[in-house]
Amino acid sequence: MSSVAPAVEPTTPERTSGLAAMFEHVRYVLGENRVTAFAFCLLVIILFAAIFGPYIVPYDPLASDTAAALKPPSAAHWFGTDQLGRDIFSRVIVATRLDTFIAVASVALVFLMGGLAGIAAGYFGGWTDRIVGRIADTIMAFPLFVLAMGIVAALGNTVQNIIIATAIVNFPLYARVARAEANVRRNAGFVQAARLSGNGEARILLVHILPNIMPIMIVQMSLTMGYAILNAAGLSFIGLGVRPPTAEWGIMVAEGATFMVSGEWWIALFPGLALMIAVFCFNLLGDGLRDIVDPQRRT
Amino acid sequence: MTAQPLLDVNDLTVEFTTRRGIVKAVQHVNISVAKGETLGIVGESGSGKSVTSYAVMRILDRAGRIAEGSVMFSGIDVKAASESEMRDLRGREISMIFQNPRAALNPIRKVGDQIEDVLRQHVQSAASDRGEKAIEALEQVKIARPRERYHAYPFELSGGMCQRVVIALALACNPQLLIADEPTTGLDVTTQKAVMDLIVELTKRRHMSTILITHDLGLAAAYCNRVVVMEKGRVVETAKSADIFARPEHPYTRKLMRATPRIGVSLRDLLPEEEAAVSPRAPTVMAGLDPAIHQSSEGMDPRVKPGGDDLAKSLLTVEKLVKEYPRQGASAVLSKLFSRKPPVETEVFRAVDGISFHVGRGESVGLVGESGCGKSTTSMMVMRLLDQTSGRIVFDGEEIGAIMPQAFARLPQRKSIQMVFQDPTDSLNPRFTAARAIADPIIQLGDIRGRDALRARCEKLADMVGLPINLLDRFPHQLSGGQKARVGIARAIALHPKLVILDEPTAALDVSVQAVVLNLLQDLKASMGMSYLFVSHDLNVVRLLCDRVIVMRAGRIVEQGSSERVLGDPQDAYTKELLTAIPHPPLPV
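Chains as they are written, first to last, in numbering that gives the first Met the number 0: chain A, 0 to 298; chain B, 0 to 588.
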């Protein structure tokens, strides 16, 4: 029913600088959408913890103090201590950096691999499409977490391999979204016009089509970011990936799980909460980000 | 008019809540429709004509609301009626025909089932004879073999057939009022005539009232008793359709009438009086060209003589051009899947069937035909965006038909053949500003380097096409339709092409904007010495802009010759049919 919308005369253009206009736009979107604003606040907290975490925490996350082992939350240890007497609050904060890094790196990697393969498949069709499609199908044929486990087990137990495994597991999602979006635009008027302007195929793909599918890709990235964090934590939980004594949410939950039975609930709860908040934040952020990058909203 | 009109819209104001505050889409509108009357609401986009009809049906979207005034439909206050009362009213008492028939039909349901749904909703018939009623409804809209079509899906029917089904849907419950919102936009002229004749005949027979919403003054005048002209949410004039053409009172009505292409006027006559008085733009356009381009155009100019009909000197010659598409049925796909042998029967569909024509230097040639006649396919092949099956395309003395479309992008000839696309919105990259869109061909193929030089060139081009410089930094969605069309034209002429293919460049524009754009194209052609291949279905527009006309049907050329000869004294039966299908408004003397 878009035809019903009244034709709004574009207002006189105030030539503000690009940055100021962008800021104004972000402010508007956040003002319109309280949930997005909340997610943004969470994101700021997470990023702050990731960047400055090691410098602000009260205790060394690796220093053990057997005298203070298994203490419940108190004024000295906000989140309590674990079986080695390490401060859980410090460990949760410090772990933010590693977990976010794994998520960001794997999402960036899968965006490059899956996104580019997908738009190429959607744009060129034919054999490119068939090959990319079958690769995606093959990956989807496995239970994803089991596949990730297999990849890490085969490649070796390092952070780098967790990133690669998470990226591969998410490949089909990106490839399919990008393929569908590129496919509908492949014969759009502006693409034809770009051909007339002498743009080569690669240039059309990267300069003309890619920016147009960025909004949907960014939503996808934000959503998979949460999944990537869970995946990394999950791998660590079952003993693949990051190794103790490194502070990482998944390992901490795994370590705390054994103490749950004996009543020491805080060891697993707080890293678990941190994990939940991070995933929650990235999922909420997806919709807000789409509004910001979509030029239709930038009026 | 009877004392008690069927529909009485009194002082209606409709507001929309938008990001920039409240927008009044319709302001203080008074409209009444008597029983059995056909009322035309005419206006350009954004005039509020559709919003008015949505308010009558109370199907405004969430942001819109009736702020003031009343809508009375045969004694019922539509504004105060409950939602369930309205549901009852819609479809049974008031029904609507939408602009795009394909979008109005559910694509995955049979058309017969969709008609039955309406009957069931309003309890118009017992379950037993519902099927018969649906078939009867199809029969009444003159669909051939209604029993078979009952089981057809919308995608199996042509656009005109779909519109007939939509009419059948709208009339299934014998409503008292039919609202037709641009019912024939997007249909061919001959189909338009058939559909309009059908609507008028059916509503007359049932003594129904009709509101015809259209942007085409000629169509409204030809089919309506009275015409309401709307501008910017207000009614500016209401009159009998015979009177409105004879004695238009409001300046806006006069402007609309002037802008409507018709027989016996020149392009300049389409412009509003005050603008037409100003001397043609051509001299200023020349002044706007930078010296380098100016020289290059002069270097080429000596050979340019408009109307140089000599074949040897013609810019573009097309010989026996053929484009075939494989016609693959389900069986062909299956045999391809299950056997390694190529399918035995290679049935093909000839979209373009051996056509030959030429375009002279500085000449504009119209390529006319209805949808599916192959005119767009032809232009795509000349453009080298599509490979032909066989035939020769000679451009500027060189055979370009053999060059693969992918390879053509980098050749020098690419600069010489450019195109203006049909849909100005679709043809602009939503993420590029106007300046970036215009600069794109220059960056790729031109010789201007450096940010400032590029910007200067863009500003010059914008000036040439009459686009305000301050709009250059806007994104397409911030521009109006006419402004987007100008950006598209500026991009096409940025490289100083020799041949520009215009693919229905004004089809998506309002008549007054169309008039301005057509004049602009004419001026640019005169000043830059370009040739135009003008692809269109609108014969009135072609008559104004083109020296010669080629009429195509089913992939073949049925007639070609000078515009005056072909459109004034058509020889072929099909050309005659096309010409008579144009709605002829009663012209002012």
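Among these hints, one or two may not hold up.
[Stated by the list, open to error] In silico negatives: residues of chain A with every beta carbon more than 12 Å from chain B:
{"id": "1", "residue": "Tyr58"}
{"id": "2", "residue": "Ala68"}
{"id": "3", "residue": "Leu154"}
{"id": "4", "residue": "Asn160"}
{"id": "5", "residue": "Asn186"}
{"id": "6", "residue": "Pro210"}
{"id": "7", "residue": "Ser261"}
{"id": "8", "residue": "Leu268"}
{"id": "9", "residue": "Gly271"}
{"id": "10", "residue": "Leu272"}
[To be verified] With the Cβ distance kept under 10 Å, some of the chain A side facing chain B (calculated, not the full set):
{"id": "11", "residue": "Arg96"}
{"id": "12", "residue": "Ser196"}
{"id": "13", "residue": "Arg202"}
Quick caveat, the hints were computed from the structure, so don't treat them as lab data. Yeah, the Cβ is synthetic: ideal placement off N, Cα and C, and Gly gets one too.
Results for each hint:
1. Tyr58: holds, 49 Å
2. Ala68: Fine: 57 Å to the nearest Cβ keeps A/Ala68 off the interface.
3. Leu154: Since the minimum Cβ distance to chain B is about 38 Å, A/Leu154 lies beyond 12 Å and the statement holds.
4. Asn160: Consistent with the label, A/Asn160 stays out of reach of chain B, its closest Cβ about 36 Å off (over 12 Å).
5. Asn186: Given that some Cβ of chain B is not farther than 12 Å from that of A/Asn186, nearest at about 9 Å, it is violated.
6. Pro210: Given a closest Cβ separation of 4 Å, the condition is violated.
7. Ser261: Fine: 56 Å to the nearest Cβ keeps A/Ser261 off the interface.
8. Leu268: holds, 43 Å
9. Gly271: holds, 40 Å
10. Leu272: With a cut-off of 12 Å, A/Leu272 remains clear of chain B, as the shortest Cβ separation is near 37 Å.
11. Arg96: violated, 34 Å
12. Ser196: holds, 4 Å
13. Arg202: OK, holds: A/Arg202 within 10 Å of chain B, min 8 Å.
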